[in-house]
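K.L.:
Residues per chain are reported as follows:
2 protein chains.
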Amino acid sequence: MRLSIGGVMKNVSIIGSTGSIGQNTLSVINSLEDRFSVSALAAGRDLESLARQVVRFRPRLVSVAEESDAMELKKRLKDAGVGRMPDIAFGQEGLVAVACCDGVDVVVSATVGAVGFLPTFEALSLGRRVCLANKETLVMAGELMTRAAERSGAELLPVDSEHNALHQCLRGERISEVKRLVLTASGGPFRRTPLEDMRKVSIEAALAHPTWQMGAKITIDSATLMNKGLEVIEAHWLFGFSADEIDVIVHPQSIVHSMVEMVDGSVIAQLGVTDMRLMIQYALTYPERLPTELPALDLGKLAQLEFFEPDRERFPCLRLAYEAMREGGTMPAAMSAANEMAVAAFLDRKMGFMEIPEVISAVMEAHETGPVSSIEAVLEADRWARSQAESIIAQSTSAIALN
Amino acid sequence: MRLSIGGVMKNVSIIGSTGSIGQNTLSVINSLEDRFSVSALAAGRDLESLARQVVRFRPRLVSVAEESDAMELKKRLKDAGVGRMPDIAFGQEGLVAVACCDGVDVVVSATVGAVGFLPTFEALSLGRRVCLANKETLVMAGELMTRAAERSGAELLPVDSEHNALHQCLRGERISEVKRLVLTASGGPFRRTPLEDMRKVSIEAALAHPTWQMGAKITIDSATLMNKGLEVIEAHWLFGFSADEIDVIVHPQSIVHSMVEMVDGSVIAQLGVTDMRLMIQYALTYPERLPTELPALDLGKLAQLEFFEPDRERFPCLRLAYEAMREGGTMPAAMSAANEMAVAAFLDRKMGFMEIPEVISAVMEAHETGPVSSIEAVLEADRWARSQAESIIAQSTSAIALN
Numbered sequence: 001m002r003l004s005i006g007g008v009m010k011n012v013s014i015i016g017s018t019g020s021i022g023q024n025t026l027s028v029i030n031s032l033e034d035r036f037s038v039s040a041l042a043a044g045r046d047l048e049s050l051a052r053q054v055v056r057f058r059p060r061l062v063s064v065a066e067e068s069d070a071m072e073l074k075k076r077l078k079d080a081g082v083g084r085m086p087d088i089a090f091g092q093e094g095l096v097a098v099a100c101c102d103g104v105d106v107v108v109s110a111t112v113g114a115v116g117f118l119p120t121f122e123a124l125s126l127g128r129r130v131c132l133a134n135k136e137t138l139v140m141a142g143e144l145m146t147r148a149a150e151r152s153g154a155e156l157l158p159v160d161s162e163h164n165a166l167h168q169c170l171r172g173e174r175i176s177e178v179k180r181l182v183l184t185a186s187g188g189p190f191r192r193t194p195l196e197d198m199r200k201v202s203i204e205a206a207l208a209h210p211t212w213q214m215g216a217k218i219t220i221d222s223a224t225l226m227n228k229g230l231e232v233i234e235a236h237w238l239f240g241f242s243a244d245e246i247d248v249i250v251h252p253q254s255i256v257h258s259m260v261e262m263v264d265g266s267v268i269a270q271l272g273v274t275d276m277r278l279m280i281q282y283a284l285t286y287p288e289r290l291p292t293e294l295p296a297l298d299l300g301k302l303a304q305l306e307f308f309e310p311d312r313e314r315f316p317c318l319r320l321a322y323e324a325m326r327e328g329g330t331m332p333a334a335m336s337a338a339n340e341m342a343v344a345a346f347l348d349r350k351m352g353f354m355e356i357p358e359v360i361s362a363v364m365e366a367h368e369t370g371p372v373s374s375i376e377a378v379l380e381a382d383r384w385a386r387s388q389a390e391s392i393i394a395q396s397t398s399a400i401a402l403n
Numbered sequence: 001m002r003l004s005i006g007g008v009m010k011n012v013s014i015i016g017s018t019g020s021i022g023q024n025t026l027s028v029i030n031s032l033e034d035r036f037s038v039s040a041l042a043a044g045r046d047l048e049s050l051a052r053q054v055v056r057f058r059p060r061l062v063s064v065a066e067e068s069d070a071m072e073l074k075k076r077l078k079d080a081g082v083g084r085m086p087d088i089a090f091g092q093e094g095l096v097a098v099a100c101c102d103g104v105d106v107v108v109s110a111t112v113g114a115v116g117f118l119p120t121f122e123a124l125s126l127g128r129r130v131c132l133a134n135k136e137t138l139v140m141a142g143e144l145m146t147r148a149a150e151r152s153g154a155e156l157l158p159v160d161s162e163h164n165a166l167h168q169c170l171r172g173e174r175i176s177e178v179k180r181l182v183l184t185a186s187g188g189p190f191r192r193t194p195l196e197d198m199r200k201v202s203i204e205a206a207l208a209h210p211t212w213q214m215g216a217k218i219t220i221d222s223a224t225l226m227n228k229g230l231e232v233i234e235a236h237w238l239f240g241f242s243a244d245e246i247d248v249i250v251h252p253q254s255i256v257h258s259m260v261e262m263v264d265g266s267v268i269a270q271l272g273v274t275d276m277r278l279m280i281q282y283a284l285t286y287p288e289r290l291p292t293e294l295p296a297l298d299l300g301k302l303a304q305l306e307f308f309e310p311d312r313e314r315f316p317c318l319r320l321a322y323e324a325m326r327e328g329g330t331m332p333a334a335m336s337a338a339n340e341m342a343v344a345a346f347l348d349r350k351m352g353f354m355e356i357p358e359v360i361s362a363v364m365e366a367h368e369t370g371p372v373s374s375i376e377a378v379l380e381a382d383r384w385a386r387s388q389a390e391s392i393i394a395q396s397t398s399a400i401a402l403n
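Protein sequences appear in the order of chains W and S.
The opening position of the first sequence corresponds to residue 1 in the numbering used here, with each subsequent residue numbered one higher.
The opening position of the second sequence corresponds to residue 1 in the numbering used here, with each subsequent residue numbered one higher.
If you are wondering where the hints come from, they were derived from the structure by calculation, not from laboratory data.
One or more of the hints may lead you astray.
What the hints assert, rightly or not - DMTMM-like mimics (lysine to aspartate or glutamate), calculated; alpha carbons at most 25 Å apart, straight line: (1) W:Lys179 - S:Glu288; (2) S:Lys179 - W:Asp34; (3) W:Lys301 - S:Glu245; (4) S:Lys301 - W:Glu306; (5) W:Lys10 - S:Asp87; (6) S:Lys179 - W:Glu33; (7) W:Lys10 - W:Glu293; (8) S:Lys200 - S:Asp311; (9) S:Lys301 - S:Asp311.
Please put together the full structure from these sequences, using the hints given.
P.N.:
Right, here's the structure in full:
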């Protein structure tokens, strides 16, 4: 443990360091290098970015997707003349090794999809603070995750702007005096697209998010509002509220990041610029707040904030998520897995935008919900839903080919 | 001390019970009668309302403006067949007696103007929770009031919607991590009135506040933005921030009641319906929040919140208040007294709307600022400013008569 001017130096692991959240996390750590150092990084296949990060932040351990990636990274690092070569791991084991790396205080869980599930669970079980950007983790196995955190005393700090905002709004409040949580949704690029035009939506249009710069999967999830559905389930596990106590409101400007309504009718809201570094820093430094160099929110120039009820007909994914949440057990895991497959198929131009909820709905209808009794039960539901989704997508694709 | 189902029964005194805040306070107490009982009420000349309140809430002590009012009230209460006649006091002594009434836990300071000054000071000195709606108190003698509260351990809970909102936003925050306070202003009825039309503004137009139902003096203060200026000074004393750390933003919908910007760029805001009962109840029950029967804020129906920079040219009162605050000492007391006189003269049709800041500015220029060393020093500055304002108004009136 090294002492810095500001206090104790914290060691950080990042699961998913070359993605959008990972890069922003390193940008925050770069500006707070007297408080945080990087112990371990896990990435997928973007070896060029990863090599640059290793040269700059000198982690002791690095993990990549496959063994061949590990060899390639080693070569790149040698070529770059890195002083001390880090240990290089790969695959699921590599991810877990990064989460469990010795001496780590904070694990930033920033991968997209089910791949972040195990390393997040292991980090929580070790009692480490987890800054969670991977929302599938709580959607799939919120029960197991929160139980692991309770047992070890680990803190679960949300990085997602909505949950981070809720965390801030709830700081001074008693949970028993909260009436409901209100998550804001930008409404995505198709907020005003007529229902009949939604089937013809292009990948490019779906990837053009109006307010946030994010990865492809989460951007599509924002366009279908599944992202908001996943967030409702995530909020349930993070803060302990039921489906009836969590609402969604469309707020196209994405300035109000979320709100909490208290029993007396007061509403506490968190507002900010749409820059993930704000939330990442909050999750890293909580309960402290530190100055940032980000431009301040200029409300006087902003002029106007709008709010609308979400259109549940044009965005069936939101309804599906509430249904899965109410059903509980393995249903949210199955829904999330089906969504991952459907989004991937849409991005591969295998099917249309409005077929995403159709695939998810078909998988949910076929799923026999079981209890979330173990990690294996969750992973089994995940595998089952993926294979189920795959065959539905294949049928739909061949049906299109026949037409 | 009586025990209620919800906990300890609290005894309340209200200074200014027949005004807008006083009536709303009694409405809140009416809905929470297992938690609050009324010990003492002070009013001015609205004996009809006061008599009704005495019959309903059975205080032990009542105070009115003058001895003749006391006689008249006694007669009315006899006629109404009130069981146990309360003690009836009058004048400044009566106000102080109500604030200091035995066994009182909470004093609601709800008069308008300097008249609330002494009773509020006495209540704070006795260590009682003061729910403060009288803003002149802190403007005139914030230093004395906060020192008295510190010495006795009294809690000062703001009822004004803006400060109440700030109090809520600051609940979970460290003061050292706050960057600035942002008070919202509705902008009053003349937000879009061209500068050249501001001189011809009628009393009726000035009294037509777009969002809040309030008394006459505070409604005119809202139209000149002096109300916001007084609130900036009040916020300074309540929360300990300097003039440079307190900003004003125009928000015509009055839904966001105020905001706090943190050092990391996050903004925490409080939103609510425009109903003072929400803030009064918060101040009475803090740190608890209790359910209310008020309609919830329906953001989905609200659709739109606007924010603008205030126009300091058309609203010179805001600038004058900042100047008085920076000058400190007895200057804010002199400014507030001059404002009271100017507003009264406007309401008496003795002068025009845009002469209000002119009178205040002239009084401020003539004032020789002294230290707020004692109550007497403040009251002397108040008296001096009133007489100074009176002669300026008389000159201006005779000038008009000569034209």
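K.L.:
For every hint, state whether the structure bears it out.
P.N.:
Right, here's what the structure says about each hint:
1. Of the supplied pair hints, the one linking W:Lys179 and S:Glu288 holds, its CA atoms being roughly 14 Å apart against a limit of 25 Å.
2. The suggested pairing of S:Lys179 with W:Asp34 holds, with an alpha-carbon distance near 22 Å, which does not exceed 25 Å.
3. Proximity of W:Lys301 to S:Glu245 is assessed by CA-CA distance (about 19 Å); at most 25 Å being required, the pair is judged to hold.
4. Restraint check for S:Lys301 and W:Glu306: the C-alpha separation of about 10 Å stays at or below 25 Å, so the hint holds.
5. Our distance criterion of 25 Å between C-alpha atoms is broken by W:Lys10 and S:Asp87, whose separation comes to about 66 Å.
6. For the hint pairing S:Lys179 with W:Glu33, the CA-to-CA distance comes to about 23 Å; that is within 25 Å, so the pair holds.
7. A C-alpha spacing of about 21 Å is found between W:Lys10 and W:Glu293, which places the hinted pair at or below 25 Å, so the restraint holds.
8. Distance hint between S:Lys200 and S:Asp311 is fulfilled; the C-alpha atoms sit about 19 Å from each other, no more than 25 Å.
9. A C-alpha spacing of about 29 Å is found between S:Lys301 and S:Asp311, which places the hinted pair above 25 Å, so the restraint is violated.
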